[in-house]
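**Q** Whole structure, please, built from the sequences with the hints as guidance.
Now for the letters of each chain:
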Amino acid sequence: MARIDLVDLAHSYGGNDAPQESFALKPVTMTWRQGGAYALLGPSGCGKTTLLNVISGIITPSRGEILFDGQDITPLSTQKRNIAQVFQFPVIYDTMTVGQNLAFPLKNRGVPKAEIDKRVAEIGRLLDLEPYLNRKATRLTADAKQKISLGRGLVRSDVAAVLFDEPLTVIDPELKWQLRSKLKALHRELDLTMIYVTHDQTEALTFADTVVVMHDGRVVQSGTPAELFDKPAHTFVGYFIGSPGMNILPAEVKGREARIDGHVIALKRAYDNLPANAKIEIGVRPEFVEVVAPTPGLLTAKIERIDDLGRIRFARAHLGDAKLAARAPAGFTSSDGTAGLKFDPAHIHVYADSLLVEGAA
Amino acid sequence: MDKTINQKAWFLVLPVFLVVAFSAVLPLMTVVNYSMQDTFGNNQFFWNGVGWFKELLDPSTDLGGRFLASLGRNLFFSLVILAIEVPLGIVVALSMPRQGWTVAACLVTLALPLLIPWNVVGTIWQIFGRPDIGLLGYVLNHIGLDYNYVSNDIDAWVTVIVMDVWHWTSLVALLCYAGLKSIPEAYYQAAQIDGASRWAVFKAIQLPKMNRVLLIAVLLRFMDSFMIYTEPFVVTGGGPGNSTTFVSIELVKIALGQFDLGKAAALSLVYNLIILIVCWIFYTAMTNAGSERKPQKGAA
Numbered sequence: 001m002a003r004i005d006l007v008d009l010a011h012s013y014g015g016n017d018a019p020q021e022s023f024a025l026k027p028v029t030m031t032w033r034q035g036g037a038y039a040l041l042g043p044s045g046c047g048k049t050t051l052l053n054v055i056s057g058i059i060t061p062s063r064g065e066i067l068f069d070g071q072d073i074t075p076l077s078t079q080k081r082n083i084a085q086v087f088q089f090p091v092i093y094d095t096m097t098v099g100q101n102l103a104f105p106l107k108n109r110g111v112p113k114a115e116i117d118k119r120v121a122e123i124g125r126l127l128d129l130e131p132y133l134n135r136k137a138t139r140l141t142a143d144a145k146q147k148i149s150l151g152r153g154l155v156r157s158d159v160a161a162v163l164f165d166e167p168l169t170v171i172d173p174e175l176k177w178q179l180r181s182k183l184k185a186l187h188r189e190l191d192l193t194m195i196y197v198t199h200d201q202t203e204a205l206t207f208a209d210t211v212v213v214m215h216d217g218r219v220v221q222s223g224t225p226a227e228l229f230d231k232p233a234h235t236f237v238g239y240f241i242g243s244p245g246m247n248i249l250p251a252e253v254k255g256r257e258a259r260i261d262g263h264v265i266a267l268k269r270a271y272d273n274l275p276a277n278a279k280i281e282i283g284v285r286p287e288f289v290e291v292v293a294p295t296p297g298l299l300t301a302k303i304e305r306i307d308d309l310g311r312i313r314f315a316r317a318h319l320g321d322a323k324l325a326a327r328a329p330a331g332f333t334s335s336d337g338t339a340g341l342k343f344d345p346a347h348i349h350v351y352a353d354s355l356l357v358e359g360a361a
Numbered sequence: 362m363d364k365t366i367n368q369k370a371w372f373l374v375l376p377v378f379l380v381v382a383f384s385a386v387l388p389l390m391t392v393v394n395y396s397m398q399d400t401f402g403n404n405q406f407f408w409n410g411v412g413w414f415k416e417l418l419d420p421s422t423d424l425g426g427r428f429l430a431s432l433g434r435n436l437f438f439s440l441v442i443l444a445i446e447v448p449l450g451i452v453v454a455l456s457m458p459r460q461g462w463t464v465a466a467c468l469v470t471l472a473l474p475l476l477i478p479w480n481v482v483g484t485i486w487q488i489f490g491r492p493d494i495g496l497l498g499y500v501l502n503h504i505g506l507d508y509n510y511v512s513n514d515i516d517a518w519v520t521v522i523v524m525d526v527w528h529w530t531s532l533v534a535l536l537c538y539a540g541l542k543s544i545p546e547a548y549y550q551a552a553q554i555d556g557a558s559r560w561a562v563f564k565a566i567q568l569p570k571m572n573r574v575l576l577i578a579v580l581l582r583f584m585d586s587f588m589i590y591t592e593p594f595v596v597t598g599g600g601p602g603n604s605t606t607f608v609s610i611e612l613v614k615i616a617l618g619q620f621d622l623g624k625a626a627a628l629s630l631v632y633n634l635i636i637l638i639v640c641w642i643f644y645t646a647m648t649n650a651g652s653e654r655k656p657q658k659g660a661a
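Protein sequences appear in the order of chains A and E.
Our numbering puts the first sequence at residues 1 to 361.
Our numbering puts the second sequence at residues 362 to 661.
Hints are computed from structural coordinates only; laboratory data are not their basis.
C-beta atoms are modelled at their ideal positions from N, C-alpha and C, and glycine is treated no differently.
Hints should not be assumed to be uniformly reliable.
Said to hold, decoys possible - Restricting the straight-line Cα-Cα distance to at most 30 Å, the calculated cross-link-like pairs of lysine-lysine (BS3-like) are: (1) A:107 x E:564; (2) A:184 x A:107; (3) A:231 x A:184; (4) A:136 x A:113; (5) E:564 x A:80; (6) E:542 x A:80.
What the hints assert, rightly or not - Facing chain E, according to a computed beta carbon distance under 7 Å, are these residues of chain A, among others: (7) 58; (8) 87; (9) 91; (10) 94; (11) 104; (12) 105; (13) 108; (14) 109.
**A** Next up, the structure:
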């Protein structure tokens, strides 16, 4: 159990001299609180696994330091770091029983036998593996095997953190849900720092109390699910979190007004010091845009289709070249395929070169 | 549904019947026929029933004594080379590089002995070991070791065994290397995370993942060494005395040297049977090892 600090940490598979744009992990400085449940969220190839492997020591970073409780452990090998990791595909030691598999990390570290038996029994109970402890681990289904892998990650009580690298990929959807709830319960029970890598936002948002979003090798935002939803720090976060994702529209912004195609959209905050030459966009979640009958003074969009999600309906529309999703209130129909757009000023964010700009009240 | 009856289809199978009959069944039956008879030349044969087989298994007769002694030597030889080649092959495979240009270099170097014809291997070692002109023999004698594979039983055995190890360890190493390469990187990473030592990684991951290829390696090496003829024949000619006369060498002596077709036929049948039985044992072991891996519906 420890606080983990990353200090100016970066990694490039092409060596330190490669241009920074090609780094798999661009310089990042951040802190992982002890006992936190973190999700590392991002699309495939964004550097999540690289970051995880750097923390666990499988990869030595090209630059920067990793501190466990203030102590620099960057040069230490994986074996010497106090860390557990669960991989995407189950890793089972074929010749051992389930119980021996669970005991393996403890045995290698010379833990006394009585202590090993106690921990194995406890983890076996928590993961519902009790009936199988004395069976050969090879003759099990994929999800039972992955449970064993999870168990090996959780069996050590003294680890600085448990890292999960998309551990539920091989599991059936229904079981996935159960195992995720189980992990969450285990987190509360065992008081371990957990970092959970996934590209599935539902998985991330349900598991974690802090979600760290990565994009193109960079950590773009870290915050609670609500923060990511309400105030995305980067257009990518807005787009990636939420379904459908945030609408990002190019606009001219001045003071408390945004202009699209000459139409004025009111903003709640004032933006007077926007950087010159930056690409200015406004972002607004589909939940806070409403389609109404075309009205003079409102932006007009072409409706492509209306998706009925049961609880809520979203209109998919075109605004010039830009695509847009907006809430369609009950009873809304469009006679000529066009609609006016009504924005909620409190929930419009302004982005300069994809980064959130804070407005003045 | 009515089946079309067309007996002409048999003509399509006929060529296979003929090929198998002439290539396998008839020659084998000839051997079976010989094994029941005795001949004194001139194409005159006398019925002997199972007499040769009785003699073969009775160590007090000349035939039985020679057969059982060569069989014993042969089994001992196979066990010794397996005990050396399998662990050595594993060690070589483990110490081979995993990536880079050195991989290709290693593979080619290892494959070289496998590409040399048996006869040439025998000749190489025959000359290499000679005390007068061979590098090995000369150096050994020069540093004070009395080494002469022509006159000393133990020297002859050592030479034949070292030659086989030189010739065939590569095969075991290459098979093991293939087995090692198929282990996903995640296993090694997980073992690192679990704090496993080098030895624990070998025991928990590498050895279990190699057991299939190892079984194949042991089978191939056992079969080959059990049927070995050319190399020891070229190096020692079965001597000194009979000390390196293996079963196949004995067989050729009886069949072609003494022209005792009946004895030779009986011996080859028993020889063949032993090989078939060992093959079957290995095959069963391999299929069982395979079925053990099928997952069973169980824990969920």
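**Q** Now look at each hint and say whether the structure bears it out.
**A** Evaluation of the provided hints:
1. A:107 x E:564: holds, 14 Å
2. A:184 x A:107: Between residue 184 (chain A) and residue 107 (chain A) the Cα gap is close to 27 Å, so the pair holds against 30 Å.
3. A:231 x A:184: Status holds; Cα separation ~25 Å.
4. A:136 x A:113: Since the Cα atoms of residue 136 (chain A) and residue 113 (chain A) sit roughly 20 Å apart, the hinted pair holds (cutoff 30 Å).
5. E:564 x A:80: holds, 21 Å
6. E:542 x A:80: Distance of about 26 Å is within 30 Å: holds.
7. 58: holds, 5 Å
8. 87: With a minimum Cβ separation of about 5 Å from chain E (threshold 7 Å), the hint on residue 87 (chain A) holds.
9. 91: Because about 4 Å separates residue 91 (chain A) from the closest Cβ in chain E, which is inside the 7 Å limit, the hint holds.
10. 94: holds, 4 Å
11. 104: holds, 5 Å
12. 105: holds, 4 Å
13. 108: holds, 4 Å
14. 109: holds, 5 Å
No hint from the list above goes unmet by this structure.
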